[in-house]
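Undergrad: Here is what each chain is made of, one letter per residue.
2 protein chains.
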Amino acid sequence: MKKIGLLGCGVMGTQIALAIDSGKIPGILTHVYDDSKEASSELVSKLNNKPEIVENSHLLSSHSVNIVVEAASQNAVRDDGLSILQNKRDFMIMSVGALLDESIYDILYDACDHFKKTIYLPSGAIAGLDGLKSIKGELESVSITTTKHPRSLKGAQFFETSEINLDSIDSSTVIFEGNARDAVSLFPANVNVAALVSLSGIGSDKTSVKIIADPDTDKNTHHIEAVGKSGKMIFTIENTPDPENPKTSRLAILSAIETLRQYCSDDIQIGT
Amino acid sequence: MKKIGLLGCGVMGTQIALAIDSGKIPGILTHVYDDSKEASSELVSKLNNKPEIVENSHLLSSHSVNIVVEAASQNAVRDDGLSILQNKRDFMIMSVGALLDESIYDILYDACDHFKKTIYLPSGAIAGLDGLKSIKGELESVSITTTKHPRSLKGAQFFETSEINLDSIDSSTVIFEGNARDAVSLFPANVNVAALVSLSGIGSDKTSVKIIADPDTDKNTHHIEAVGKSGKMIFTIENTPDPENPKTSRLAILSAIETLRQYCSDDIQIGT
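Chains as they are written, first to last, in the working numbering: chain A, 1 to 272; chain B, 1 to 272.
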């Protein structure tokens, strides 16, 4: 059985740990870490098979785990990614936005090759990345349109310099149109989705992003259109926000669990 | 570098072999087999790095390859699948329809677990399987609608007992509505797509299939709708048939190449 180290014991980390503990993911959670000791203790208290809480994040990969799963923050990817690969562990990243920094991407990409290890990025709150990466070499355009209720967009840095008042929006309104590189800094809540589409396809400068505030929706919807030499792909993913964790899409949790389940399984793996 | 054995030297096998030979897939094609000696010789003549042509399909996995890639037929999966896994080789399957036979599926699934090997199924001519398998446990319904020009449907077994005359269709017409289990026997050209959707999701009995003949289209379009507890996914994949190989979708070739590239690479693997 594969041994797993978990970096980050928040909502996402807890769901992953519970999936391992229940046997849904056929691996063993041996070590966990969170900057908050309280969070790691609370997580461990919920599990039947108790992992060890390590003293700092670097110690996770010094133990003989097969993979470290990051469910913490972009900073954790930046600070710990290289040493995880140097310690010859595979690495699963939830805070994919960290990889839009090209220097981080290049360092980790080269380290995978050098240390013969693999980084896994789950599909997050979207789907269709199997198709995008297959036609990556012949893509002409990729766009992603995200539609949310105005309250779900509140707090985004974009509104610090914009004249748009979210409270006064009474019909579906385009808030932002630009490329993925600009979108991720202005709408941090969208960063992982925009990063995944950019990395699978034609990069963050060429990927178009549109953000729509719609007071009549209770869903978060991502609509992706990709046009290439061999045809066209259109993906619409409509997520019902989880009432207990409205900021974390349930699909993002489920896709992380499925990615780790596949990593831990010898079976029939469906999809590119 | 990973060593690859290729079972089947037709259109699909040739494209995969050329992708290995060009370095796009960072592996080595060491052995090939096709029931037609002419086909295997013709393939080898196109390659700079010449693989060995083996005398029968079973010999492929007796050599020290890491993976055998099937690009032959459902019969090849049935006849050779188990011995490939018993010989401790991974196995990539293009003729996914073979797995709709539950006895074959169960034998190969158990063999993966027993011999600690993995079967890989590329996403074929569709996309979005990352999403489907992530929400597999909470799916309520899955449907796939395939729209093609009437000439692309010719020869299907369905028409042997149907009164529909493809030549007289002058507007978009629903030809078939049923489940995936029935669809695959009546429309063999659709078998891999229906099998992939069924295996990723809720099985071939519960997966709805609709086939539409549309004289006004020059595309093959697959439209997948999946509804689950966490929301809804809609995928539309519009393939332009390759003029040189109208029966093999270019996306099916590209997704096979991408799946094998990932298998052979230590790098950043995007998507569930």
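Calculated from the structure, these hints are not laboratory results. Note that this is a predicted model, so its numbers are computed, not measured. Where hints are given, some of them may not hold.
Stretch by stretch, here's where chain B covers chain A in the computed footprint (C-beta under 8 Å, at least three residues) [as the list claims (entries may be wrong)]: (1) 66-80; (2) 106-115; (3) 119-131; (4) 231-242.
Even glycine gets a Cβ: it sits at the ideal position worked out from N, Cα and C.
Undergrad: Three residues or more, CB to CB closer than 8 Å: is that satisfied between the region 106-115 of chain A and chain B?
TA: holds (count 5)
Undergrad: For the region 66-80 of chain A, do three or more residues have a beta carbon lying closer than 8 Å to a beta carbon of chain B?
TA: violated (count 0)
Undergrad: How about the region 119-131 of chain A: do at least three of its residues have a C-beta closer than 8 Å to a C-beta of chain B?
TA: Result for this restraint: holds, n = 11.
Undergrad: Between the region 231-242 of chain A and chain B, are there enough contacts, at least three residues with CB-CB distance under 8 Å, for the coverage claim to hold?
TA: Answer holds; 11 residues pass the 8 Å Cβ test.
The earlier numbered hint that this structure contradicts is number 1, and it is the only one.
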